[in-house]
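Undergrad: Go ahead and model the full structure; you've got the sequences and the hints to work with.
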Amino acid sequence: MPSHDVLIIGAGLAGQRAALAAANAGASVAIISKVHPVRSHSVAAAGGINAALNPEDSWESHAFDTVKGSDYLGDQDAIEIMCREAPDELLYLEHIGVTFHRSPDGHLGTRAFGGASAARTYYVADITGQAILHVLYEQLMKHHEQLDRYEEWFTTDLLQDEEGRCTGAICRNLRDGHLEVFNAKAVILASGGAGQAFKPTTNGLIVTGDGIAQAYRIGAKLMDMEMVQYHPTTLAGNGFLITEGARGEGAWLLNAGGERFMERYAPNKMELASRDVVSRAEQTEINEGRGFPDGTVFLDVTKVPRKRTLEALREIVNIGRDFAGVDITREPIKIRPGMHYIMGGVKTDSDGLTTIPGLYAAGEVACVSVHGGNRLGANSLLDTLIFGRRSGEHAAAQAKTMPMPTTAQSKVADVQRSIDAIIHREPGGRRVSAIKDELGTTMNQYCAVFRDAEGLATGYEIVRRLKEEAPKASIDDHGTVFNQDVIGAIELGYMLDVAETILVAAMERKESRGAQYRTDFPARNDDEWLKHIDISANGADEPKVDYSPVTITRWEPQERTY
Amino acid sequence: MPEYTLRIRRYDPQSGQAAHWDDHKVEMEGHVSVLEAILRVKADTDGSIGIRCSCRAAICGSCGVRVNGKPGLACHTHLEDAAKRQTKSTTDDASVIEVEPMGNMPVIRDLIVDMDAVHWKKIQRVTPWLINKEPIPEREYIVPHENMVDVTQTMACIQCGACVSDCLSMEVDPLFVGPAALAKSYRFVGDPRDAEKFERLKDLSEDEHGIYDCTHCFNCIDACPKGVAPMSQIMRLRRVAGNDEHIEDRNNGYRHEHAFVKNIERNGLLHEADLLPDSYGGKFHPRAVPELLGSLPVAAKAMTRGKMSLSGALLHPHKASPEVKQIFKQVEGEKERYELNLYVVGYEDEEEPPATPAETPTESESA
Numbered sequence: 006m007p008s009h010d011v012l013i014i015g016a017g018l019a020g021q022r023a024a025l026a027a028a029n030a031g032a033s034v035a036i037i038s039k040v041h042p043v044r045s046h047s048v049a050a051a052g053g054i055n056a057a058l059n060p061e062d063s064w065e066s067h068a069f070d071t072v073k074g075s076d077y078l079g080d081q082d083a084i085e086i087m088c089r090e091a092p093d094e095l096l097y098l099e100h101i102g103v104t105f106h107r108s109p110d111g112h113l114g115t116r117a118f119g120g121a122s123a124a125r126t127y128y129v130a131d132i133t134g135q136a137i138l139h140v141l142y143e144q145l146m147k148h149h150e151q152l153d154r155y156e157e158w159f160t161t162d163l164l165q166d167e168e169g170r171c172t173g174a175i176c177r178n179l180r181d182g183h184l185e186v187f188n189a190k191a192v193i194l195a196s197g198g199a200g201q202a203f204k205p206t207t208n209g210l211i212v213t214g215d216g217i218a219q220a221y222r223i224g225a226k227l228m229d230m231e232m233v234q235y236h237p238t239t240l241a242g243n244g245f246l247i248t249e250g251a252r253g254e255g256a257w258l259l260n261a262g263g264e265r266f267m268e269r270y271a272p273n274k275m276e277l278a279s280r281d282v283v284s285r286a287e288q289t290e291i292n293e294g295r296g297f298p299d300g301t302v303f304l305d306v307t308k309v310p311r312k313r314t315l316e317a318l319r320e321i322v323n324i325g326r327d328f329a330g331v332d333i334t335r336e337p338i339k340i341r342p343g344m345h346y347i348m349g350g351v352k353t354d355s356d357g358l359t360t361i362p363g364l365y366a367a368g369e370v371a372c373v374s375v376h377g378g379n380r381l382g383a384n385s386l387l388d389t390l391i392f393g394r395r396s397g398e399h400a401a402a403q404a405k406t407m408p409m410p411t412t413a414q415s416k417v418a419d420v421q422r423s424i425d426a427i428i429h430r431e432p433g434g435r436r437v438s439a440i441k442d443e444l445g446t447t448m449n450q451y452c453a454v455f456r457d458a459e460g461l462a463t464g465y466e467i468v469r470r471l472k473e474e475a476p477k478a479s480i481d482d483h484g485t486v487f488n489q490d491v492i493g494a495i496e497l498g499y500m501l502d503v504a505e506t507i508l509v510a511a512m513e514r515k516e517s518r519g520a521q522y523r524t525d526f527p528a529r530n531d532d533e534w535l536k537h538i539d540i541s542a543n544g545a546d547e548p549k550v551d552y553s554p555v556t557i558t559r560w561e562p563q564e565r566t567y
Numbered sequence: 003m004p005e006y007t008l009r010i011r012r013y014d015p016q017s018g019q020a021a022h023w024d025d026h027k028v029e030m031e032g033h034v035s036v037l038e039a040i041l042r043v044k045a046d047t048d049g050s051i052g053i054r055c056s057c058r059a060a061i062c063g064s065c066g067v068r069v070n071g072k073p074g075l076a077c078h079t080h081l082e083d084a085a086k087r088q089t090k091s092t093t094d095d096a097s098v099i100e101v102e103p104m105g106n107m108p109v110i111r112d113l114i115v116d117m118d119a120v121h122w123k124k125i126q127r128v129t130p131w132l133i134n135k136e137p138i139p140e141r142e143y144i145v146p147h148e149n150m151v152d153v154t155q156t157m158a159c160i161q162c163g164a165c166v167s168d169c170l171s172m173e174v175d176p177l178f179v180g181p182a183a184l185a186k187s188y189r190f191v192g193d194p195r196d197a198e199k200f201e202r203l204k205d206l207s208e209d210e211h212g213i214y215d216c217t218h219c220f221n222c223i224d225a226c227p228k229g230v231a232p233m234s235q236i237m238r239l240r241r242v243a244g245n246d247e248h249i250e251d252r253n254n255g256y257r258h259e260h261a262f263v264k265n266i267e268r269n270g271l272l273h274e275a276d277l278l279p280d281s282y283g284g285k286f287h288p289r290a291v292p293e294l295l296g297s298l299p300v301a302a303k304a305m306t307r308g309k310m311s312l313s314g315a316l317l318h319p320h321k322a323s324p325e326v327k328q329i330f331k332q333v334e335g336e337k338e339r340y341e342l343n344l345y346v347v348g349y350e351d352e353e354e355p356p357a358t359p360a361e362t363p364t365e366s367e368s369a
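Chains as they are written, first to last, in the numbering used here: chain A, 6 to 567; chain B, 3 to 369.
Since the hints were derived computationally from the structure, they do not count as laboratory data.
It is possible that some hints are incorrect.
[What the hints assert, rightly or not] Derived pair list, reagent style DSS-like, types lysine-lysine, alpha-carbon separation capped at 27 Å:
1) Lys-204(A) <-> Lys-416(A)
2) Lys-515(A) <-> Lys-204(A)
3) Lys-321(B) <-> Lys-312(A)
4) Lys-27(B) <-> Lys-123(B)
5) Lys-204(B) <-> Lys-264(B)
6) Lys-204(A) <-> Lys-327(B)
7) Lys-549(A) <-> Lys-477(A)
8) Lys-416(A) <-> Lys-477(A)
9) Lys-147(A) <-> Lys-327(B)
10) Lys-303(B) <-> Lys-204(B)
11) Lys-90(B) <-> Lys-147(A)
12) Lys-204(B) <-> Lys-147(A)
13) Lys-515(A) <-> Lys-536(A)
14) Lys-285(B) <-> Lys-321(B)
15) Lys-285(B) <-> Lys-337(B)
16) Lys-27(B) <-> Lys-86(B)
17) Lys-135(B) <-> Lys-147(A)
18) Lys-309(B) <-> Lys-337(B)
[Unchecked claim] Computed spacing ranges between beta-carbons, pair by pair:
19) Lys-405(A) <-> Glu-140(B): 47 to 57 Å
20) Arg-295(A) <-> Ser-91(B): 48 to 58 Å
21) Ala-124(A) <-> Ile-144(B): 12 to 22 Å
22) Glu-293(A) <-> Lys-337(B): 56 to 66 Å
23) Pro-194(B) <-> Asp-481(A): 46 to 56 Å
24) Gly-262(A) <-> Lys-331(B): 22 to 32 Å
25) Ile-144(B) <-> Pro-298(A): 32 to 42 Å
26) Asp-24(B) <-> Ala-402(A): 49 to 59 Å
27) Glu-140(B) <-> His-148(A): 20 to 30 Å
28) Pro-7(A) <-> Val-333(B): 32 to 42 Å
29) Pro-194(B) <-> Lys-515(A): 52 to 62 Å
30) Phe-200(B) <-> Arg-559(A): 36 to 46 Å
31) Met-146(A) <-> His-248(B): 28 to 38 Å
32) His-148(A) <-> Leu-316(B): 34 to 44 Å
As the structure is a prediction and not an experimental result, all values here were calculated from the model.
Where a beta carbon is used, it is the ideal one built from N, C-alpha and C, also for glycine.
TA: This is the structure:
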């Protein structure tokens, strides 16, 4: 029974940063991930990371852009912390070895990004997430004496003592199927978003809402769950991401008639308006018949000098060539809005603490809330790192004051029984894959760029039906060595829980703000809805809805134009 | 829609069965990836097929496999391209696509290999983190733009293991540090912020399983889905170690390489009998004598089998042509070494033909 001061679940950017911070603060640390850390989906973050590091820039400007981008739903105290600490975090990354792009004079260079009033996005070609993730992993290897890595361990349950404090987790070693209790004085969830509840999505197959559902099931509050970001440029068909960096470098959006339609939606920022605005503009063009028949518009990267594209956007050159058969340096590529990110998640304070004592959350799994109704491009890497570090530091400090909790072995037996039950289900139910497919299609149909009461209600009914059906879905694999089938069945349950909370929150918010656009309530309504929607499991069957105030420090809500 | 036979190598250590092939028919467009086809089979018929995967877009590096004999990412291999690559066992049926686990690493289950036991161990061998030049600046290190773009090529490595899978040197010498780890090492050697460039190079030169253990087979360059070109990085490590840092290793790697170049400059065609003594400083060098004596049995065997003649060994009739000498002159006359880096120069085939004025109208114009 391994015991550590701090247990971190998930090893993307937030988890690895939390682990390094906690270890640096003197805590004994375990970091657990269901995949090898460098496979975590942070690896796919392409464009860059925001920080007001230039002397001409200011953190206040960055913070205001973020507040405005959030459609005033972001909590301004947390946004201030994130933007103020961004420059130091960026320098930390530079010092541990991230190979950030340099300007000709050898200083860090920037690129422009959506919704930002200055070029403050630092980057490594278009593999920024990959570069940072791999460099953080270098640091995990370097500090292996203070940091135990459990790679390819799947967390099934969070543990709580009688007072409700989180005391660790039960995890399954994928290599041999055995369960282990991990005791910890503090647990940090860093297990990412829930993109796989939508189909298509830019998110990897591993992004299944595990942490959000695990926290929700033990009573933690979720917040802003209705806020789902559709990225303006995803490949038609498979939903792969084309980085916002392309538009940052100067690419245009064109409708089927060759018109640069953003002129009509965001005359000042054009393609670099915030993502919700651009995605809505594209979807409007498509819905009103000005897109291509397959429901797409053009992204024209040929506006960017070819040499620059090859140096700074190499990954999307490859994606275009390998997955769409298009040389983006010579011709436009068909794109459309696609599910990309959830702004909502497990509600935390600015130290990452959730509403459950001893349980922290950081990164996409969490909702601080710094993104509010809409996240700015290149703010997610920043969010993972700042709040990952803060969680790690806070958890390590707390752990110093506490004894190590213990766990009754009987809990393992309970989990083992439930896993065995899945493995030995009678065949006959629908396949897990079929249910997952219906879930994803449903969410993408009824809970996308444009929403209304009727569609959301339909979606909710379907998800409720799938929730009843899922526990009967049979699986093929009855073994213990790398049984991915049983993991898939558990993940399906997580995704259904998350989808349900998203739909409940989206039905609840009867206004349009950020990524939530209700065609039946098309205006933003600050009088009634300048507040967060909190969702919790109330022990009963259906999620319970509460509200909490938005923290406003210095920026009163204004009309939002780009 | 074309039909393919997905022939998947299956192995479950719990079953007591030996590894075997498992066929599944899939009807899918040829441009769909092998991974999508496997995921379709998993979803529709057999959920027990083991394969690591996540992003489906060649960025997470999970789905390294061998497809019709060639290592790579399943998500990055189109069905139609895979089907074109016939192997001995698939020649009778052009629709067969064989998917098997990567090589040089133990199989855990089906297409899942133990990367910790081989790949990650080797990565850890090269001290895979930045050792900072002191003092660490208050702000960022000031570093030339070109250096950062240069190391970005090795930063592009996603640790998928495809290069390790088919590394011939590693097959012969399992202790070879290998293409991925050596490419990783260049990421620090080429990084001006690293304080231990010389120590890293010295270490990997002196290690008999280090940079001079590579045999230039190009397999890793072919295998890499990200254009990292690990072998090129290994060669760059050698050039920096030998030419810039003057590290003469105890494995005689540097002197051997040097002798090779000089041999070609002199002879145009390789004069093998000279190569060995030259590598040890010439026929009469004290280091060369035991080596030469030691190689006599091999030479004798080669002669008895007609692979080598006494006159051929002693007298090499070929002399380098003026063209060869010109190549040497030009390359050695360059002020700076030219290093091929995809992030710097784009594609290998760069330079579009200059737009020629249309003398004959094309079909669309004349229509």
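Undergrad: Indicate, hint by hint, whether the structure satisfies it.
TA: Hints versus structure:
For a cut-off of 27 Å, the pair hint linking Lys-204(A) to Lys-416(A) is broken: about 35 Å separates their Cα positions. With a C-alpha separation of about 25 Å, the suggested pairing of Lys-515(A) with Lys-204(A) holds against the 27 Å cut-off. Of the pairs offered as hints, the one joining Lys-321(B) and Lys-312(A) is violated, with about 42 Å between alpha carbons and a cut-off of 27 Å exceeded. Our distance criterion of 27 Å between C-alpha atoms is broken by Lys-27(B) and Lys-123(B), whose separation comes to about 38 Å.
Taken as a hint, the Lys-204(B) and Lys-264(B) pair is honoured in the structure, with Cα atoms around 23 Å apart against an allowance of 27 Å. Restraint check for Lys-204(A) and Lys-327(B): not satisfied, since their Cα atoms lie roughly 61 Å apart, outside the 27 Å limit. Pair hint Lys-549(A) plus Lys-477(A) holds up; C-alpha atoms about 26 Å apart against a cutoff of 27 Å. Restraint check for Lys-416(A) and Lys-477(A): the C-alpha separation of about 23 Å stays at or below 27 Å, so the hint holds.
The hinted pair formed by Lys-147(A) and Lys-327(B) fails the criterion: a straight-line CA distance of about 48 Å is larger than 27 Å. Restraint check: the Cα-Cα separation between Lys-303(B) and Lys-204(B) comes to about 36 Å, which exceeds 27 Å; the hinted pair is violated. Straight-line distance between C-alpha atoms of Lys-90(B) and Lys-147(A) comes to about 45 Å, which puts the hinted pair past the 27 Å bound. Proximity of Lys-204(B) to Lys-147(A) is assessed by CA-CA distance (about 21 Å); at most 27 Å being required, the pair is judged to hold.
In summary, the hint linking Lys-515(A) to Lys-536(A) is supported, as the alpha carbons are separated by about 12 Å, within the 27 Å threshold. Taken as a hint, the Lys-285(B) and Lys-321(B) pair is honoured in the structure, with Cα atoms around 20 Å apart against an allowance of 27 Å. About 33 Å separates the Cα atoms of Lys-285(B) and Lys-337(B), which puts this hinted pair outside 27 Å; it is violated. A threshold of 27 Å between alpha carbons decides the hint, and for Lys-27(B) with Lys-86(B) the separation of about 17 Å falls inside it, so the pair holds.
Between Lys-135(B) and Lys-147(A), the direct Cα distance comes to roughly 16 Å. Compliance with the 27 Å bound is thereby established for this hinted pair. Using a Cα cut-off of 27 Å, the hinted pair Lys-309(B) and Lys-337(B) is violated, with the two alpha carbons roughly 42 Å apart. Distance hint for Lys-405(A) and Glu-140(B): a CB-CB separation of about 30 Å, inconsistent with the stated range 47 to 57 Å. One distance hint, 48 to 58 Å for the beta-carbon pair Arg-295(A) and Ser-91(B), holds here, with the actual separation near 52 Å.
Under the hint 12 to 22 Å, the C-beta atoms of Ala-124(A) and Ile-144(B), about 20 Å apart, fit the expected range. At roughly 59 Å, the beta carbons of Glu-293(A) and Lys-337(B) sit within the given window of 56 to 66 Å. Our hint of 46 to 56 Å for Pro-194(B) and Asp-481(A) holds, since their Cβ atoms are close to 53 Å apart. Against the hinted window of 22 to 32 Å, the Cβ-Cβ separation of Gly-262(A) and Lys-331(B) comes to about 58 Å, which falls outside the hint.
Look at Ile-144(B) against Pro-298(A): about 52 Å separates their beta carbons, and that is not inside 32 to 42 Å. At about 53 Å, the CB distance of Asp-24(B) to Ala-402(A) agrees with the hint of 49 to 59 Å. At about 23 Å, the CB distance of Glu-140(B) to His-148(A) agrees with the hint of 20 to 30 Å. In this structure the hint that Pro-7(A) and Val-333(B) lie 32 to 42 Å apart at CB is violated, the actual value being about 57 Å.
As the Cβ distance of Pro-194(B) to Lys-515(A) is approximately 57 Å, the hint placing it in 52 to 62 Å holds. In this structure the supplied range 36 to 46 Å is violated for Phe-200(B) paired with Arg-559(A), their Cβ-Cβ distance being about 53 Å. Restraint check, Met-146(A) to His-248(B): a C-beta distance of roughly 30 Å satisfies the suggested window 28 to 38 Å. Distance hint for His-148(A) and Leu-316(B): a CB-CB separation of about 59 Å, inconsistent with the stated range 34 to 44 Å.
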